[in-house]
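Student: For the protein sequence lines, the chains are A and B, in the order given.
Going by numbering that gives the first Met the number 0, the first residue of the first sequence is number 0, and it counts up by one from there.
Going by numbering that gives the first Met the number 0, the first residue of the second sequence is number 0, and it counts up by one from there.
Simulated from the structure, these hints should not be mistaken for lab results.
For chains that are exact copies, the list does not tell them apart, and a pair is met inside one copy or across any two.
Here are the computed lysine-lysine pairs in the BS3-like style, where the Cα-Cα straight-line distance is at most 27 angstroms:
(1) K288 x K317
(2) K317 x K295
(3) K309 x K228
(4) K309 x K226
(5) K295 x K226
(6) K92 x K226
(7) K313 x K295
(8) K309 x K288
(9) K228 x K295
(10) K355 x K317
(11) K228 x K92
(12) K309 x K295
(13) K313 x K288
Listed below, chain by chain, are the residues.
Number of protein chains: 2
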Amino acid sequence: MSADWFRRRFLPRGPLPAQRPPRPRASPVPYRRPRFLRGSGSSSGTADASRRPDARPVRSPVRGRSLPWNAGYAEIINAEKSEFNEDQAACGKLCIRRCEFGVEEDQEWLTLCSEEFLTGHYWALFDGHGGPAAAILAANTLHSCLRRQLEAVVEGMVATQPPMHLSGRCVCPSDPQFVEEKGIRTEDLVIGALESAFQECDEVIGRELEASGQVGGCTALVAVSLKGKLYVANAGDSRAILVRRDEVRPLSSEFTPETERQRIQQLAFIYPELLAGEFTRLEFPRRLKGDDLGQKVLFRDHHMSGWSYKCVEKSDLKYPLIHGQGRQARLLGTLAVSRGLGDHQLRVLDTNIQLKPFLLSVPQVTVLDMDQLEPQEEDVVVMATDGLWDVLSNEQVARLVQSFLLGNREDPHRYCSCWGSAWTWVSTSSNIKKYREDITAEESG
Amino acid sequence: MSADWFRRRFLPRGPLPAQRPPRPRASPVPYRRPRFLRGSGSSSGTADASRRPDARPVRSPVRGRSLPWNAGYAEIINAEKSEFNEDQAACGKLCIRRCEFGVEEDQEWLTLCSEEFLTGHYWALFDGHGGPAAAILAANTLHSCLRRQLEAVVEGMVATQPPMHLSGRCVCPSDPQFVEEKGIRTEDLVIGALESAFQECDEVIGRELEASGQVGGCTALVAVSLKGKLYVANAGDSRAILVRRDEVRPLSSEFTPETERQRIQQLAFIYPELLAGEFTRLEFPRRLKGDDLGQKVLFRDHHMSGWSYKCVEKSDLKYPLIHGQGRQARLLGTLAVSRGLGDHQLRVLDTNIQLKPFLLSVPQVTVLDMDQLEPQEEDVVVMATDGLWDVLSNEQVARLVQSFLLGNREDPHRYCSCWGSAWTWVSTSSNIKKYREDITAEESG
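Chain A extracted, bound-state conformation (with noise of 0.2 angstroms):
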């Protein structure tokens, strides 16, 4: 994406062209649920919850299929407000080919051939909104972009410290130096290559929903395991902790217009045309009304991380671009989350004043060392869309999953029970002492 792209992208310079309804060439995107769902009956959760008259069907992996590191997952309808569950997720194993081979050469040899393959495991959740099609092929989709990306940059991945050139060729003798003295590690591979495949997978999104006519967009939260560290990469509100005898240690922060107000009001305060002199990109403590005019009143700027006061004038009267706070807050009144995928033909009600160019589709990635961690049995990482933190903090969730799996040891369905009452929404609990299990068989086989 250049910016000459962004300006003709979003910046007409004539009159806004009326707002062209998506010409439908392809099948839309059917609805399903998780693959590893299939066969699964709804519960009503743990037997607390199903006494309860309230209580919301829950959904979890039949018993017996195991899902990567003993992982768990249940999820529930949320509150009635729409007739399909718009959350998706999928997890699964990740090849990743080490070397791109001829065509001449023999594939199916190759596929036997585990050695030439660098594997991991992969966890997502997509919280959908406007409609389940976004959070469907972000499902589908995602995990072949990480891959395809991964493989790009696999022979660096696969060395010590990445090559200046991913030939290996070293074209300067201090090349090694150089990219030490960058710190530049594997890692940082890997985490470029999570920020490509969310990007790629949103460009997917889009050319796929527009050519069947289908609208939406949803966040994508990631977890990855790949030569012994976790990643997690984040785009939108889910979130992600790591839950330990002695300590809760979050693995993502949130992206909402809240979080990153600067970010937004400072594209607006660049590109004005965006706003469509609709909306005032200034923030104020509530919406302001003719009263307010001429007063001074509390206002934020996108330089601004205190509070100041202005002298109210009548453009400050317009609806403000981020408004509401909590889960309240909006981007132009529209959507509650800045980044995630999709959305590409998402506009404020009946005008043509795009969300698109507010929104990133690249995630925050952070990086667990699974050897420095010494992950403990009880070690659990907790994947979970919004609805689970809008009414739980990390500690309460934490307090919860540990007393539950301490109580439930012997049972090996235990990492799905635990969700089964009517507060989970969508949810996944990765058991890390698992991966331990994982690394050793792979070194072993």
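Assemble the complex: chain A is given as a structure, and chain B must be docked to it using the hints.
Tutor: Coordinates of chain B only, in the frame set by chain A:
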């Protein structure tokens, strides 16, 4: 500053105008050392340092002259890089008038009426480059800008919670609730005032330097004590830390082309004209050359935290927007910092390419709650320019300060002597404990 202003100022549509030399109309800013050094001579530092043949002269306030909170100060002319010491410092009492009085009121009586003033203290370090003028102007001006900005919002600051309307008038009954929900505290007004003061000071410096035909820029590190809190505002690569018995806490972070890479690359992505076809926005481990053409090399763009590989094209061989690492990192091959004051005329050597659009004058502000801190006798804030931090870590500085102060408990000049060795450049330490005495004296006075 509006987007239109930015475009008019930095993005000329026609061919670039020849770089016009500044037209001197006013007399040049006279060179001086900090006011509180008046009457002080130079020493060769501590006994230990003075034995060393390379010991450089150290200047600190004369014995018996006390700075607010027993603060110490010592400076050393930098390693003969320049004829003048380009660094400056300022400190003093901050008196903020609480009300705007009509002209008919008795000004003399009002200045005697101490409860109409809010008082605080102010310490500042300015690390100059390209000549001492900007740092001198900053030392002469910034505290006045801050006082003015604080006076503009003081009625909001003295309330328990800033009112929605500065007048205190409640236009909407739930206004206090809106302010509460946004979490706006009185300290946010001080943060906002510091942010505005830095920008105002930057504009003053720009005008003054143009008028006097001088050039230059400086970083700014400011500490302000006000109403039980210590505010540290930083624009540049100076640093403040809090040293306690069991803790070393950073009170600022550095702004350099490296730490602000993504912001700077993003601006070049939005306005490629700023690079005039002479620089590449992308980051590589080293500057590329002809032999790299067609190879896949490590790179990063504005949206990337991680690294990836790209196939080298001819345009990638241009000089990088940000080049080098650590102390050697430079913006446009010219400047080692990415925030500060001044530099309005600074251009890349022999070109019309301006540095200023990439520089921010707005500081990052951190707040230390002195009441929550329960300050002890030995707690010290250390503020120093990069000369100190380039050679000593936070922990090394903390250990040196602690051991020196412990051995010189009875010497009232100890906060100055502490720095009298060859490794300091410019530094200030404040005795936090003194704060309690100040507050007590003010409350009983």
